[in-house]
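**Q** Protein sequence lines correspond, in order, to chains A and B.
Going by our numbering, the letters in the first sequence line up with residues 11 to 128, in that order.
Going by our numbering, the letters in the second sequence line up with residues 11 to 128, in that order.
The set of hints was computed from the structure by calculation and includes no laboratory data.
Check before you lean on any hint, since a few could be wrong.
All copies of an identical chain are treated as equivalent in the list; a pair is satisfied when it fits inside any one copy or across any two copies.
Unchecked claim - Simulated crosslink set (DSS-like; lysine-lysine; CA at most 27 angstroms straight-line):
1) 94 <-> 17
2) 17 <-> 69
3) 126 <-> 95
4) 108 <-> 88
5) 87 <-> 106
6) 42 <-> 14
7) 71 <-> 126
8) 108 <-> 65
9) 126 <-> 87
10) 126 <-> 94
11) 95 <-> 65
12) 126 <-> 42
13) 42 <-> 17
14) 65 <-> 88
15) 71 <-> 101
Now for the letters of each chain:
There are 2 protein chains.
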Amino acid sequence: MLRKVDKHSGVPAYLQIVNMIKSEILLGNLQKGSQLSSIRELQQIFDVNINTVLKALEKLKSEGYIEAEQGVGYFIKKDFDVDKKIIEIIKTCVAKLKDNSIDYYTAILIFEEVWKNE
Amino acid sequence: MLRKVDKHSGVPAYLQIVNMIKSEILLGNLQKGSQLSSIRELQQIFDVNINTVLKALEKLKSEGYIEAEQGVGYFIKKDFDVDKKIIEIIKTCVAKLKDNSIDYYTAILIFEEVWKNE
DNA sequence: TATACTGTTATATAATTATATAACACTAGA
DNA sequence: TCTAGTGTTATATAATTATATAACAGTATA
Chain A
11 MLRKVDKHSG
21 VPAYLQIVNM
31 IKSEILLGNL
41 QKGSQLSSIR
51 ELQQIFDVNI
61 NTVLKALEKL
71 KSEGYIEAEQ
81 GVGYFIKKDF
91 DVDKKIIEII
101 KTCVAKLKDN
111 SIDYYTAILI
121 FEEVWKNE
Chain B
11 MLRKVDKHSG
21 VPAYLQIVNM
31 IKSEILLGNL
41 QKGSQLSSIR
51 ELQQIFDVNI
61 NTVLKALEKL
71 KSEGYIEAEQ
81 GVGYFIKKDF
91 DVDKKIIEII
101 KTCVAKLKDN
111 SIDYYTAILI
121 FEEVWKNE
């Protein structure tokens, strides 16, 4: 789901955009050959400057996720979708955490720390 | 566990420092009254400039996590530790993901997307 | 009191990130 | 061919982030 960038998260906007589009590909919501919305539409969706969109698309292109056709649009270049099993594991975990009314930021902090320490 | 900042993650160094220290508090590894390492030691641990450490400590102070005593040091101001149950849920999830040899970056991307969409 | 630790304040410089704005080039369809 | 939509390139400006470096101020202890 492509959504507004969080301008207070500290993470650069162009990286948030890269991450959202990568997520869509990983989750299988954007498949090989799909066309992205136009740059000027993406600019509105993410609520950033056109140059910020361009910077994100440039990075995705350099990493092989998308390709550009001048005058036509941007297209998904490869499928990178992840094993459904992985998604289920994460969905189950997120559901449990939400049951315990933990907030996203705290959850991420602990997730990162646990990951890097075990 | 306080460790070197990742200079290629895109996340500003001072925020990574804030996050690491918050994590230690949330996990109960730093408790009320504990003294942090000195600024000049932290500078070496995180591998950043002293001003970057200061910016992080300033933010933690403004959020009520720590307090300063001039000439003495920085101290944890409150306990914010999280329910052990939460930590167990996350540990279990991380273990399962590692069993499936998924990398950290992919895991975080999916985690964020699942959290924000369900 | 002298010293070696603490934290604090300040200035200058550079790289990165984001914005505003404009113009240009290619493509598809009326 | 004209037009409206694509992507592309460019310039200028500002805010944020990070560095290097120096000096100052408080605390504890030998």
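**Q** Hints first: check each against the structure and report whether it holds.
**A** Hint by hint, here is what the structure shows:
Proximity of residue 94 and residue 17 under a CA criterion of 27 angstroms is satisfied in neither setting, with 31 angstroms inside one chain copy and 32 angstroms between copies. For the homomeric pair residue 17 and residue 69, the shortest alpha-carbon distances inside one copy (20 angstroms) and between copies (17 angstroms) are both at most 27 angstroms. Taking identical chains as interchangeable, the C-alpha atoms of residue 126 and residue 95 lie at most 27 angstroms apart whether they share a chain (22 angstroms) or sit on different chains (19 angstroms). Proximity of residue 108 to residue 88 under the C-alpha cut-off of 27 angstroms is restricted to the inter-copy arrangement: shortest distance 25 angstroms between copies versus 33 angstroms within a copy.
For the identical chains of this complex, residue 87 and residue 106 are neighbours neither inside a copy (35 angstroms) nor across copies (30 angstroms), given an alpha-carbon limit of 27 angstroms. In this assembly of identical chains, residue 42 and residue 14 lie within 27 angstroms of each other by CA distance solely inside one copy; the values are 24 angstroms within and 38 angstroms between copies. Taking the shortest Cα distances, residue 71 and residue 126 sit within 27 angstroms of each other only across copies (25 angstroms), while inside one copy they are farther apart (29 angstroms). Taking identical chains as interchangeable, the C-alpha atoms of residue 108 and residue 65 are never at most 27 angstroms apart, the minima being 34 angstroms within one chain and 32 angstroms between chains.
Taking the closest pair of Cα atoms, residue 126 and residue 87 come within 27 angstroms of each other only across two copies (25 angstroms); inside a single copy the shortest separation is 32 angstroms, beyond that limit. Taking CA atoms no more than 27 angstroms apart as the test, residue 126 paired with residue 94 passes in both settings, with 24 angstroms inside one copy and 18 angstroms between copies. Taking the shortest alpha-carbon separations for residue 95 and residue 65, neither the intra-copy value of 33 angstroms nor the inter-copy value of 41 angstroms comes in at or below 27 angstroms. Only between protomers do residue 126 and residue 42 lie at most 27 angstroms apart by alpha-carbon distance; the minimum there is 24 angstroms, versus 33 angstroms within a single protomer.
In this assembly of identical chains, the alpha carbons of residue 42 and residue 17 never lie at most 27 angstroms apart, being 30 angstroms within a copy and 32 angstroms across copies at closest. Within a single copy, residue 65 and residue 88 get their C-alpha atoms as close as 20 angstroms, which meets the 27 angstroms cut-off; across copies the closest is 41 angstroms, which misses it. Neither within a single protomer nor between protomers do residue 71 and residue 101 lie at most 27 angstroms apart by alpha-carbon distance, with minima of 29 angstroms and 35 angstroms respectively.
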